[in-house]
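Participant: Below, each chain spelled out in residue letters.
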Amino acid sequence: MEQKDLFKELGEIRLLMEKSSKFVSISGLSGVLIGCYALLGTLLGYYAIANPEAVINRFASGLTIPTLFLIVALLILTLSLLTGCLMARKKAKKNKQSIWNITSKSLLFAVSIPLITGGVLALVLLSQGYYHLIAGILLIFYGLALAAGSIYTFAEVKWLGILEICLGLMAVCLPDHGLMLWGLGFGVLHIIYGFIVYKKYES
Amino acid sequence: MKLDLSLYDKIFENRVRLQIMSVLAVNEEYDFNSFKEVLEVTDGNLASNLKTLEKEEYIVVEKSFVDRKPNTKYKRTTKGLKAFENHLIALENLIKQQYK
Numbered sequence: 001m002e003q004k005d006l007f008k009e010l011g012e013i014r015l016l017m018e019k020s021s022k023f024v025s026i027s028g029l030s031g032v033l034i035g036c037y038a039l040l041g042t043l044l045g046y047y048a049i050a051n052p053e054a055v056i057n058r059f060a061s062g063l064t065i066p067t068l069f070l071i072v073a074l075l076i077l078t079l080s081l082l083t084g085c086l087m088a089r090k091k092a093k094k095n096k097q098s099i100w101n102i103t104s105k106s107l108l109f110a111v112s113i114p115l116i117t118g119g120v121l122a123l124v125l126l127s128q129g130y131y132h133l134i135a136g137i138l139l140i141f142y143g144l145a146l147a148a149g150s151i152y153t154f155a156e157v158k159w160l161g162i163l164e165i166c167l168g169l170m171a172v173c174l175p176d177h178g179l180m181l182w183g184l185g186f187g188v189l190h191i192i193y194g195f196i197v198y199k200k201y202e203s
Numbered sequence: 001m002k003l004d005l006s007l008y009d010k011i012f013e014n015r016v017r018l019q020i021m022s023v024l025a026v027n028e029e030y031d032f033n034s035f036k037e038v039l040e041v042t043d044g045n046l047a048s049n050l051k052t053l054e055k056e057e058y059i060v061v062e063k064s065f066v067d068r069k070p071n072t073k074y075k076r077t078t079k080g081l082k083a084f085e086n087h088l089i090a091l092e093n094l095i096k097q098q099y100k
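Chains as they are written, first to last, in my numbering: chain A, 1 to 203; chain B, 1 to 100.
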């Protein structure tokens, strides 16, 4: 066997190991979009805190501010999931891969455990009135989910996760800045991450 | 220096078999259809090479049913992983040899 062939063979093995164990159809641009939704939500949150009566009277009569926050958060979550899935499907189609395969299943399973735990915990805190902890808890558990799922996708996801955890811990320590840190974590970090992935893998 | 070929594994001379083992080296388990998708080979080719690896006890087969459809999963054995690692070392040695 020629040396060139040997190198090629080893290179192909490496590539196959990557391809078979990592889900790379996550779109960078969807990260940017999701970040924008979160930033919009944060702005809305600031507006609602600054003018609670105006917001409640105009948009949501009979609701309390925490319930309004919950609705906005769920709206952002739904919109983000939808954007992420649709754009991943498009990217997978372009690369002639299926979106529902063995790696995407592993990824989903790894991510869902911390994510569901964090979600339930946030709802419990909400119902018991510990509002100041929620932003931090959401960031921390989201970061843990990313770190857990990162072995099945881009290496950048691990760093995104670690940064989200750091912001979350800060938010728990500084509850007055919770909303700002939430906006930084879910908004700004997603936009930066999306750009990096887009530049590195898609353009 | 004499070339040491004791680590070189004839089983892996076949490309598909080497590819199957590469996938199983990094994945706990893998199913038939996922193999087909990632390796881009025909059913027959894939099945016969999986059979060879199974006979060598490099992989184990687990048959089950999901929604009444057969779902066959493959896993590496310790023996298979060792053979695969040795084979990679042999390939690396071959490259080093040619540098001298």
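Hints are computed from structural coordinates only; laboratory data are not their basis. Careful, some of the hints might be misleading.
One side only, chain B facing chain A, incomplete, derived with CB under 10 Å [to be verified]:
#1 Val38
#2 Phe65
#3 Gln98
PhoX-like, lysine-lysine: derived pairs with alpha carbons at most 20 Å apart [what the hints assert, rightly or not]:
#4 A:Lys94 <-> B:Lys10
#5 A:Lys19 <-> B:Lys10
#6 B:Lys73 <-> A:Lys8
If you want the footprint, here are the derived chain A segments under chain B, 3+ residues with CB under 8 Å [claimed, not checked]:
#7 5–11
#8 16–27
#9 90–102
Glycine residues also receive a C-beta, built at the ideal position from the N, C-alpha and C atoms.
Participant: Checking against the hints above, which ones are violated?
Facilitator: Hints 2, 4, 5 and 6 contradicted; others consistent.
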